[in-house]
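Student: Read off the chains here:
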Amino acid sequence: MSAPPIKLSVRNVTKTFRVRKGSDTSLLNVLRNVNFDVRQGEIVSLIGESGCGKTTLLRIVQGLIRLDSGDLLIDGAAVKRSGRDRGFVFQQASLLPWRTARQNVEFGLELQGMPKQARADRAMQLLELVSLAHAADQFPHQMSGGMQQRIGLARALAIDPAILLMDEPFSALDAQTREVLQTELMRIHAQTAKTTLFVTHDLDEAIFLSDRVVVLAARPGRVKKIIDIPFAHPRPELTALRGDPAFQAIRAEIWSLISTPPVAVAA
Amino acid sequence: MTTLSFADPMGSDMSENRIASDPAPIDDADARLEEIGPPPRARSKAWIVRLASIVVVVGAWEIFGRQVNPLFMSSPSAIATAAVRLIADGELFEALKSSLWTLLVGFITASAIGVVLGLLIGRYKTMDAATDWLVNALYSTPLIAIMPLVILWFGLGDAAKLFIVCILAVFPVLINTAAGVRNVPTQLIDVSAAFAANERQVFLKIIVPATLPYIMTGLRLGIGRSIIGMVVAEFFTAITGLGAMIVKYGNQYDTAAMFVPILVLMFLGIGLTTLLKRAEEHFAPWRGQED
Numbered sequence: 001m002s003a004p005p006i007k008l009s010v011r012n013v014t015k016t017f018r019v020r021k022g023s024d025t026s027l028l029n030v031l032r033n034v035n036f037d038v039r040q041g042e043i044v045s046l047i048g049e050s051g052c053g054k055t056t057l058l059r060i061v062q063g064l065i066r067l068d069s070g071d072l073l074i075d076g077a078a079v080k081r082s083g084r085d086r087g088f089v090f091q092q093a094s095l096l097p098w099r100t101a102r103q104n105v106e107f108g109l110e111l112q113g114m115p116k117q118a119r120a121d122r123a124m125q126l127l128e129l130v131s132l133a134h135a136a137d138q139f140p141h142q143m144s145g146g147m148q149q150r151i152g153l154a155r156a157l158a159i160d161p162a163i164l165l166m167d168e169p170f171s172a173l174d175a176q177t178r179e180v181l182q183t184e185l186m187r188i189h190a191q192t193a194k195t196t197l198f199v200t201h202d203l204d205e206a207i208f209l210s211d212r213v214v215v216l217a218a219r220p221g222r223v224k225k226i227i228d229i230p231f232a233h234p235r236p237e238l239t240a241l242r243g244d245p246a247f248q249a250i251r252a253e254i255w256s257l258i259s260t261p262p263v264a265v266a267a
Numbered sequence: 001m002t003t004l005s006f007a008d009p010m011g012s013d014m015s016e017n018r019i020a021s022d023p024a025p026i027d028d029a030d031a032r033l034e035e036i037g038p039p040p041r042a043r044s045k046a047w048i049v050r051l052a053s054i055v056v057v058v059g060a061w062e063i064f065g066r067q068v069n070p071l072f073m074s075s076p077s078a079i080a081t082a083a084v085r086l087i088a089d090g091e092l093f094e095a096l097k098s099s100l101w102t103l104l105v106g107f108i109t110a111s112a113i114g115v116v117l118g119l120l121i122g123r124y125k126t127m128d129a130a131t132d133w134l135v136n137a138l139y140s141t142p143l144i145a146i147m148p149l150v151i152l153w154f155g156l157g158d159a160a161k162l163f164i165v166c167i168l169a170v171f172p173v174l175i176n177t178a179a180g181v182r183n184v185p186t187q188l189i190d191v192s193a194a195f196a197a198n199e200r201q202v203f204l205k206i207i208v209p210a211t212l213p214y215i216m217t218g219l220r221l222g223i224g225r226s227i228i229g230m231v232v233a234e235f236f237t238a239i240t241g242l243g244a245m246i247v248k249y250g251n252q253y254d255t256a257a258m259f260v261p262i263l264v265l266m267f268l269g270i271g272l273t274t275l276l277k278r279a280e281e282h283f284a285p286w287r288g289q290e291d
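Sequence order for the protein chains is G and Z. Going by the working numbering, the letters in the first sequence line up with residues 1 to 267, in that order. Going by the working numbering, the letters in the second sequence line up with residues 1 to 291, in that order.
Source of the hints: derived by calculation from the structure; they are not laboratory data. This structure is a prediction, so every number in the text was calculated from the model and none was measured. You may find that some hints are simply not true.
Under the rule of at most 30 Å between Cα atoms (straight-line distance), these lysine-lysine pairs were calculated in the DSSO-like manner [what the hints assert, rightly or not]:
| # | chain 1 | residue 1 | chain 2 | residue 2 |
| --- | --- | --- | --- | --- |
| 1 | Z | LYS125 | G | LYS80 |
| 2 | G | LYS21 | Z | LYS125 |
| 3 | Z | LYS45 | Z | LYS277 |
So here's chain G without its partners, still in its complex pose (with noise of 0.2 Å):
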């Protein structure tokens, strides 16, 4: 069986920004020459330290912030700005408050210019899809946190994107319900084979989510290492994968990567 085609492919992405204390600026490097592709239908999980860099290559994919230097490449084609090809997931669901669930996952059709109906019938398929049919009707401030989480997935889901980019979508939620969610995006994952850049500072949900975790070294942000995780799909539930002594190695493996060795941190 040959590998699946190349969806997206960074290439040497660096960026730098000017931090300003004061009548002070400084440069900070945030990325350096960072590389890694994501095959169609993969789950790949950016993980590091804070500060180096995560969630800002995540938001040069989308197109949030512009790259300095390298490509960053789509089915092999060049994107310089935002587009409606990549569905983002923020950290904060960032629901519009004056919407309801359902018309919050009309958000990017409405954009597009679906008529009315055709955009009602795809948001209430996806609200079936993150399993909230029954809570199409409901405002954000009326939902749990992980309710407006799964609208957040249902949103970028809904305009069909090619990549789905999610920002530490659970790490605000308790452990509970983020255990609940990493599962039923595994569900939704199989179900859609939606190609997915997953940002994350969990070790476990990498490990328990991805296909391949990219592991990022700070200041500068550079790609350390790149870790195939071996568990075929389905996948146990988490819990029981922590026994794993396969997933024990590979978490000691990333611990090793990302914890900081003294002599960084002094300098």
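Position chain Z against the provided structure of chain G, taking the given hints into account.
Tutor: This is chain Z only, laid out in the frame that chain G set:
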């Protein structure tokens, strides 16, 4: 919609306590949790106290008012008698009609101008830089002071009144709208960017709805200033309206009759402000639960 008193302080936090794996939606958005205990009586009790307070204050006014020279002070009963007379001969109604026309036309014009300019100033830095000094200067100036000048420009007719109502109301609307635009959460702007919205879509689908609560606050503050502008304009032009009626009966030393339009203005102010306050809550039910 059972909202009795003694609401459990945890009630508003219900959504936080729910477990997402088992979403149990509250069907009624306005439902609140309450403790099960002795039947709550605080609500009716508050009304009894309020009613008693009204009786005491109005009663004291009546007793005190009867003892002083009717030139300086009037009593509720004398005012009521005057009100019946002014309503019967149609004078009050005519004045109210004239005042309301000035107020509403002036206020609606001011609102339209204030909202449009506020949206542009809040969104575009160039617009802001070009106008902020002027807006701040004019907002801080008690613009009532230019009334004599306005009469020189527009004469004693409706144009002068409309102008002063409008210019007083426009700044709170404009400033609140612009502040609302500046306070649109960055995350929401990010959402529109991520979904590749164009500038028009960002404006109509993010900025305007997100700013609506601020606009409503601006309108509520604007209506108060509009009423002040209307009365002062009518004092100066002294031809029609509730303000002119106050001047007329003041000059005739008919203090009881003078109180009638004052009370009408009070009720007008309370009514319109309450109406806009309701509208504010209606347009932003999510506010107050998020921040």
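Student: Determine for every hint whether it applies to the structure shown.
Tutor: We went through each hint and held it up to the structure:
1. The straight-line distance between the Cα atoms of LYS125 of chain Z and LYS80 of chain G is roughly 26 Å, inside the 30 Å bound, and the hint therefore holds.
2. For the hint pairing LYS21 of chain G with LYS125 of chain Z, the CA-to-CA distance comes to about 23 Å; that is within 30 Å, so the pair holds.
3. Annotation: proposed proximity of LYS45 of chain Z to LYS277 of chain Z holds, straight-line Cα distance about 25 Å (limit 30 Å).
Violation of the numbered hints given earlier is absent; every hint is satisfied by the structure.
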